[in-house]
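Residue numbers (the working numbering), protein chains in the order written: chain A, 1 to 175; chain B, 1 to 175; chain C, 1 to 175.
Hints are computed from structural coordinates only; laboratory data are not their basis. Note that beta-carbon positions come from the ideal geometry of N, C-alpha and C, so glycine has one too. Fair warning: there could be bad hints in the mix.
Per label pair, the in silico range of CB-to-CB distance [unchecked claim]: (1) P41/A <-> M140/B: 25 to 31 Å; (2) A49/C <-> N4/A: 36 to 42 Å; (3) A106/A <-> A141/C: 32 to 38 Å; (4) S45/C <-> R77/B: 57 to 63 Å; (5) M47/C <-> H78/A: 41 to 47 Å.
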Amino acid sequence: MLRNGATLVLGGARSGKSRFAEGLIEASPLDPLYIATAGAPGEDSEMAARIAEHRARRGERWRDTQAPLDLCGALERHAQLGTAVLVDCLTLWLTNLMVEGRDVLAESEALVETLFQDRFSPVVLVSNEVGLGIVPDNAMARAFRDHAGRLHQSIAARAGDVYFVAAGLPLKLKG
Amino acid sequence: MLRNGATLVLGGARSGKSRFAEGLIEASPLDPLYIATAGAPGEDSEMAARIAEHRARRGERWRDTQAPLDLCGALERHAQLGTAVLVDCLTLWLTNLMVEGRDVLAESEALVETLFQDRFSPVVLVSNEVGLGIVPDNAMARAFRDHAGRLHQSIAARAGDVYFVAAGLPLKLKG
Amino acid sequence: MLRNGATLVLGGARSGKSRFAEGLIEASPLDPLYIATAGAPGEDSEMAARIAEHRARRGERWRDTQAPLDLCGALERHAQLGTAVLVDCLTLWLTNLMVEGRDVLAESEALVETLFQDRFSPVVLVSNEVGLGIVPDNAMARAFRDHAGRLHQSIAARAGDVYFVAAGLPLKLKG
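Could you build all of it, start to finish, from the sequences and the hints given here?
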């Protein structure tokens, strides 16, 4: 059941998290909108192939848009009454912000403010859990883990439902 | 309780997943068979030490065999009525297939077909969850994560029971 | 609810595990004591910043001590009746032992013995789950994963409560 407000879906690489999130939205009668955070210039072909695969899986009902950086703007513009929004995924959005040298903490706070305004359209946010391996050698990767972990905590603290997906199976952490 | 059909046991490195899986099999009255996916030529001494430790832990009741590549064949030959099979582990099998340049997707599909034929002997499959760290730099490691995630999803979708083990403690994801 | 004896709190980087563990202790009427395993000579500024942040978050009630290596000694000296102890974190303690060339298995066993003596003061142990990414290239990192996994299993087998924290949300594995 898709709940009003924000739902967070965490999972590892190839965990089935996107498909699970799509299913939450498709089970609702609302008009589904897909906001991809992919689409930054310079993205590689692995990413393009993955996007095409996700698009093929989703049906005709879905509208699509891309927001590699301006996720708040896309939510403001598109998340009107009667729509159910899927954002896929937050970790790629954080990567794009870091690559562009943006103030990631400020942008993360702005996203959380936008998400938890009074609104009626449910938003499901997909994100990668990346903090369960060995500490990376690379300072950029450590900063990325910190940004992702902080954002997940901020959203999870206020989200209605939070899921952790492994092997395609959801585990409910909250809700 | 060990269920007929396939059971998937996921966990991290040194999570206690093999020991938990052994316990599932030992609690059944069936004859336990261990199929190791270790044993490929060129394996290192770390692996040999780990195999010896696992073997010492298991009791006299267990029969052992090795299937570094031909896991389907080993299941066909050995998983007869009255046997409970432990496969340890799928991630090493995927590694072996990749090293040998096999068609991993095709072999993964064949494994899933073999597992979910009508059969009476329970099969417990142990595998490493490897997708919860930072995206690896290395394309081979990313491909490996994808293969593992896809195979886990395919098996979990049809398995009776799925567990995630952390610190030796099982969390039931399905069943 | 904080239980007598040991409680293990596992989680990834920036998962909110320390904050959750602090909350367990603050909800009890006992005098809170913080044992940091940070403080080894040569620690970097990232670590110092993190320690300062944790200290600022905890209130005036807390006493603080550091035990980068002699964790058993610190527990023996400080964990007297009427105290609730937070150890943050075991993975850093294991790192310190490895850097100093100590016998990590022996020290881990000694810690488990100390923790599970008859004692009245609850001890909450925070640790990073590090085994859910790709196998590290580096033998030291693999040895570290093994040490951490083994120690978590030994403690979890005897602990009253075990939690896994993701996105600030606890999942109870035992208790």
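Hints the structure fails to honour: none
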